[in-house]
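Trainee: What follows is the residue order along each chain.
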Amino acid sequence: MAIDKHPTPMLDQLETGPWPSFISGIKRLRDEHPDERINKVTNDLLGQLEHSYETRKGYWKGGTVSVFGYGGGIIPRFSEVAKAFPESKEFHTLRIQPPAGNHYSTKMLRQLADSWEKYGSGLVTFHGQTGNIMFIGATTQSTQVFFDEVNEYGWDLGGAGPCVRTAMSCVGAARCEMSCTNEFKAHRMLVNNFVDDVHRPALPYKFKFKVSGCGNDCQNAIERADFAMIGTWRDDMKVDQAEIKNYVNSKGRQYLIDNVITRCPTQALALNDDDTLAVNNRDCVRCMHCLNVMPKALHPGDDKGVTILIGGKRTLKIGDLMGTVVVPFKKLDTEEDYESLVEMAETIIDFWAENGLEHERCGEMIERIGLANFLEGIGIEPDPNMLSHPRQSSYIRMDGWDEAAQQWFERQAAAG
Amino acid sequence: MAAKDMREPIESGCPDPWQYLHPTMRKNFGQWKYHDHPRPGVLRHVAFSGDTIWTVKAGTQRILDVFTLRKLCDIGDQYADGYVHFTLRSNIEFMVNDESRVEPLIGALESAGFIVGGTQNSVAMISHTQGWLHCDIPGTDASGVVKSMMDELIDEFRNATMPNRVHITTSCCQINCGGQGDIAINIQHTKPPKINHDLVANVCERPSVVARCPVAAIRPAIVNGKPSLEVDERKCICCGACFPPCPPMQINDAEHSKLAIWVGGNHSNARGKPTFQKLVAAGIPNNPPRWPEATAIVKRILKAYKAGARDWERVNEWIERIGWPRFFEEVELPFTKYHIDTWRGARSSFNASSHIRF
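Residue numbers (UniProt numbering), protein chains in the order written: chain A, 1 to 416; chain B, 1 to 358.
Think of the hints as simulated: they come from the structure by calculation, not from any bench.
Note that the Cβ used here is the ideal one computed from N, Cα and C, for glycine as well.
Among the hints, erroneous ones may be present.
To give an idea of the chain A side of the interface with chain B (calculated C-beta under 10 Å), a few residues [claimed, not checked]:
{"#": "1", "residue": "GLY69"}
{"#": "2", "residue": "THR166"}
{"#": "3", "residue": "HIS187"}
{"#": "4", "residue": "HIS299"}
Generate coordinates for the entire structure from the input sequences, incorporating the hints supplied.
Mentor: Below, the structure is given as structure tokens:
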């Protein structure tokens with residue numbers, strides 16, 4: 001049966017130009033998909049979207065939809081203009097957690113596509129900004145059946161609302177020489193320890209884990225994650241002097257000086273007269289720049305681990321916050337190392353769940369109560385690596401100084 | 001259906017990626033030695049074992065229909081080994097371990113309409129959010145903005161000729177889901193919310209809405225005999241934070257919801273510490289379906305950056321070196337009182353020195 005297609009003069013203009021068009025994709029579902037349900041849903045979706053383009057307004061409202069046994073994971077969308085566009089009046093998104101690192105086989109993608117076109121709109125995004133696979137466009141009823149089907153073959157909902165959210169990790173050790181940790185393992189151990197907190201939103205607000213294997217921070221962990229892990233190393237970086245010479249031979253001595261030596265943020269590099277590289281590893285901050293420029297010649301050291309930063313977030317409510325270093329270096333070699341990582345995450349989430357205000361991110365709570373109080377609350381001792389510089393204001397009561405200084409020396413002695 | 005008949009979920013959480021890794025990546029996990037960049041859109045990684053893997057990266061429309069997804073799978077099966085990886089910016093990557101298969105793979109992707117590129121010093125795929133297609137609070141349609149801009153920036157995606165990589169982001173409201181970018185195109189509302197007082201009492205949890213306001217401009221009030229909320233419009237910063245918890249406080253406006261452009265957000269720790277983006281332009285019309293005014297400013301910024309930045313300088317580092325006065329001059333944008341920060345910590349952004357460029 002032919003459907004009455006909504007005219008879309010504005011959206012049609014997004015079908016021109018060389019970049020692939022999402023409008024053409026939605027139209028293919030409307031015009032070519034064998035399932036009439038999908039033809040109708042996408043036709044009304046296009047109609048509503050055209051209406052948005054004409055009036056410069058959105059017409060979706062939230063609500064409460066989840067699957068049996070869970071409280072979150074679905075982004076409910078009900079149309080405010082359902083009278084005009086009834087076929088897409090319920091158009092929920094299912095957030096499905098991707099495999100750590102976002103790797104897939106085509107076989108699995110086809111299986112997911114087959115399930116999705118049985119119940120949903122046929123539109124999917126890899127991935128949303130939180131990191132989920134976004135299956136966009138399902139009715140309340142089909143949300144449950146689609147979830148049941150994909151859940152049977154290994155896929156679970158991610159987080160939505162005030163809960164532990166779907167985590168993210170970079171391509172990492174699977175295909176990157178900069179990787180300083182097992183990103184997949186840290187990612188999965190952390191987030192899968194909190195499945196209950198992912199599926200049943202009961203925290204002050206969202207809590208995100210992100211794992212980047214080195215300081216290039218491809219996952220934007222420091223600026224976006226409440227709990228950011230950045231791979232690093234604490235022994236000397238590896239230098240292949242023959243490759244340094246090759247680099248000088250191919251790019252020139254001045255290029256290396258201008259683009260590597262003088263760009264080091266702590267002036268930890270020097271080029272010797274014989275075109276070998278001298279590295280002052282005690283001054284190096286593992287920023288990754290010189291490794292990025294000369295990936296053949298320079299490599300991370302062997303004594304690898306992670307730096308953990310807490311409290312990164314976007315604008316709402318007090319403004320953008322970067323994460324703050326809370327653990328300067330942590331080894332992640334043994335099972336015990338990973339277990340203590342998970343315990344630390346539990347301690348932080350418990351403390352925040354107890355002390356955070358409604359709709360207050362962990363970083364905002366730290367801003368409100370002070371870093372020193374937060375550290376005391378989670379049982380971590382202060383460390384100068386946590387700061388850019390010590391306090392500038394003298395307006396602080398310091399009559400506990402002697403005791404704190406004593407504790408510092410005792411800790412230093414205990415650490416050897 | 002009674003609860004007892006319902007299926008209990010399997011709380012399996014995040015799946016193990018090991019089963020989806022290309023066999024060469026599985027074999028050399030954690031044992032990669034170096035990479036290089038044979039051509040734009042292609043990376044070559046070499047392992048200590050001597051194994052080599054070529055990655056071909058392609059941009060898509062991000063909102064994929066199942067036909068497009070299957071087409072990508074067909075290409076993966078026919079020209080690669082049936083494994084793919086998605087990047088943070090929603091590009092798809094195919095892996096092959098034989099150099100002779102790279103060109104046919106590129107050919108197949110391009111003839112199917114996908115855009116090979118996005119590696120190294122390119123303008124990467126613009127990261128974006130849901131917009132009018134699916135969000136409940138959007139001021140614009142990120143997918144449309146991105147499609148329009150990528151049509152014009154496509155050569156910068158295909159070729160890696162920028163001083164360093166450029167990450168562009170878009171956001172459809174001031175919550176800024178798109179995140180930080182070298183260049184960010186975000187909605188900036190310019191008028192306080194319009195309140196439908198008939199609906200507030202029934203729809204909104206009023207104390208939560210009052211608490212949500214970053215400047216304490218909202219207070220409970222009785223309006224037309226009904227409990228509602230009122231906004232002190234002298235205090236209101238038009239951020240729209242009240243709109244998600246209280247839809248009757250409509251912040252989106254066809255005329256007064258504008259676009260603003262921010263620059264210099266950089267998530268990397270390379271050279272400098274990560275940085276947040278800074279406001280450079282506002283009052284840009286939110287003009288579907290092609291948003292030409294915003295694209296024109298982005299192109300001016302890119303042109304100046306490409307011409308003026310040194311190798312490896314990201315946008316923030318380039319501006320730090322040349323200074324903000326020259327930046328505004330080069331991109332021909334006005335500098336106004338609105339560029340002076342008023343939020344907490346603002347003072348640290350003021351120049352408290354005699355460092356002036358002439």
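Trainee: Next step is simple, just say for each hint if it's right about the structure.
Mentor: Right, here's what the structure says about each hint:
{"no.": "1", "hint": "GLY69", "verdict": "holds (5 Å)"}
{"no.": "2", "hint": "THR166", "verdict": "holds (7 Å)"}
{"no.": "3", "hint": "HIS187", "verdict": "holds (7 Å)"}
{"no.": "4", "hint": "HIS299", "verdict": "holds (8 Å)"}
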